[in-house]
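Quick mapping for you: the protein sequence lines, in order, are chains A and B. For the first sequence, the working numbering assigns the number 1 to the initial residue and increments by one for each residue that follows. For the second sequence, the working numbering assigns the number 1 to the initial residue and increments by one for each residue that follows.
Please note: incorrect hints may appear among the correct ones.
A pair holds if it fits inside one copy or across any two, identical chains being indistinguishable in the list.
[Unchecked claim] Pairs of lysine-lysine, BS3-like flavour, derived with a Cα cap of 30 angstroms: (1) 5 to 21; (2) 5 to 101; (3) 81 to 21; (4) 101 to 81; (5) 81 to 5.
Hints are computed from structural coordinates only; laboratory data are not their basis.
There are 2 protein chains.
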Amino acid sequence: MEQLKQQIREHGIVLSAQVLKVDAFLNHQIDPALMQRIGAEFARRFAGQDIDKVVTIEVSGIAPALMTALALGVPLVFARKQQSLTLTGPLLTARVYSFTKQVESTIGIAASHLAAGERVLIVDDFLAHGQAAQGLISIVRQAGAEVAGIGIVIEKSFQPGRAELEQLGYRVESLARIASLEGGEVRFVD
Amino acid sequence: MEQLKQQIREHGIVLSAQVLKVDAFLNHQIDPALMQRIGAEFARRFAGQDIDKVVTIEVSGIAPALMTALALGVPLVFARKQQSLTLTGPLLTARVYSFTKQVESTIGIAASHLAAGERVLIVDDFLAHGQAAQGLISIVRQAGAEVAGIGIVIEKSFQPGRAELEQLGYRVESLARIASLEGGEVRFVD
Numbered sequence: 001m002e003q004l005k006q007q008i009r010e011h012g013i014v015l016s017a018q019v020l021k022v023d024a025f026l027n028h029q030i031d032p033a034l035m036q037r038i039g040a041e042f043a044r045r046f047a048g049q050d051i052d053k054v055v056t057i058e059v060s061g062i063a064p065a066l067m068t069a070l071a072l073g074v075p076l077v078f079a080r081k082q083q084s085l086t087l088t089g090p091l092l093t094a095r096v097y098s099f100t101k102q103v104e105s106t107i108g109i110a111a112s113h114l115a116a117g118e119r120v121l122i123v124d125d126f127l128a129h130g131q132a133a134q135g136l137i138s139i140v141r142q143a144g145a146e147v148a149g150i151g152i153v154i155e156k157s158f159q160p161g162r163a164e165l166e167q168l169g170y171r172v173e174s175l176a177r178i179a180s181l182e183g184g185e186v187r188f189v190d
Numbered sequence: 001m002e003q004l005k006q007q008i009r010e011h012g013i014v015l016s017a018q019v020l021k022v023d024a025f026l027n028h029q030i031d032p033a034l035m036q037r038i039g040a041e042f043a044r045r046f047a048g049q050d051i052d053k054v055v056t057i058e059v060s061g062i063a064p065a066l067m068t069a070l071a072l073g074v075p076l077v078f079a080r081k082q083q084s085l086t087l088t089g090p091l092l093t094a095r096v097y098s099f100t101k102q103v104e105s106t107i108g109i110a111a112s113h114l115a116a117g118e119r120v121l122i123v124d125d126f127l128a129h130g131q132a133a134q135g136l137i138s139i140v141r142q143a144g145a146e147v148a149g150i151g152i153v154i155e156k157s158f159q160p161g162r163a164e165l166e167q168l169g170y171r172v173e174s175l176a177r178i179a180s181l182e183g184g185e186v187r188f189v190d
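For reference, chain A alone in the conformation it holds in the complex:
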């Protein structure tokens, strides 16, 4: 998606060979028009997949996932990272390790918001090691629902997330694929 790559080139900040900061338009300040185009693009790529629900994880997945759900005309559910006072009743959970933050945490979705047989599109802002995506897949499967695909805004293609998800049989669509952040420079795949 050219417009996204352009934003990354102009406003992305390479913090290290592993970490790209996109706080200017995705993770802290958000460009709503770009999110709308991202949502439309995921809806286009997964058209005909009979998606019933979009699932993401708080916090930074919410904006692109919301716009995708709007474009598809389906509800969004976001997995929570910490127990909320109003999150009562049976929970589907998974343990997720964050390489960026170097902590393991539990993510959860109320069982009442995922139904057996539903076709779920997982959307997230980043794909690196694929831990968050695998946690969401686990939760969707615990509900007896089906993962129809995985939509990623920015993929770090030099990390193993995509390969592992594809090996498990999942279709991964990434709107920007980063080949390398070496030398403080963003190089895209292709």
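With chain A held as given, fit chain B onto it using these hints.
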């Protein structure tokens, strides 16, 4: 906003005389079409206010605030509740006490994402004691920006948040105003 009240009546769960659970369409599962209408309604109410930016706080403020920013054609910035690894550089912060969770936390926005003179619309999912709104006001003012108004999805009118914000001179627009949750029943103002 009648459609929002209807969703609250149909899907809201009264957990106590103080706590309303709206996990079915706002705080966990999200209804994107409803969020779009909420965004359009805030844009209508604050039309002519020359809004430069929408500001909210993670997590549950993001969806309605994103749709409001999209409708107004301006960026959204959300305050973060915990230090993120990529959140570097000068931060504007405020201490916020949550009566629901009974913890005090620090919220922050990178100084680079708020500019002096900007007219800011604050949007949040709930208004109760007004602590989150007051924290956001403090951050906006630290940046030398101006609070042009406060848009709230659900106001608990039996708690003092609105009165205190109005006393400080701010315009508060709430789309659903709850007079009471006593007896497990939602009663609206009017």
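For residue 5 and residue 101, with the copy left unspecified, which applies at a CA distance of at most 30 angstroms: within, between, both, or neither? within (25 angstroms within a copy, 40 angstroms between copies)
When no copy is named, should residue 5 and residue 21 be tagged within, between, both, or neither for a Cα gap of at most 30 angstroms?
within (14 angstroms within a copy, 39 angstroms between copies)
Cα distance capped at 30 angstroms. Does residue 81 pair with residue 5 within a copy, between copies, both, or neither? Both: 29 angstroms inside a chain and 28 angstroms across chains, each within 30 angstroms.
- request: At 30 angstroms max between alpha carbons, let me know whether residue 101 reaches residue 81 within a copy, between copies, both or neither.
  value: Both: 13 angstroms inside a chain and 15 angstroms across chains, each within 30 angstroms.
Since the copies are identical, ignore which copy is meant and state whether residue 81 and residue 21 lie within 30 angstroms (CA to CA) inside a copy, between copies, both or neither. For residue 81 and residue 21, both the intra-copy (21 angstroms) and inter-copy (18 angstroms) Cα distances are at most 30 angstroms.
This entry satisfies every hint, going by the numbered hints stated previously.
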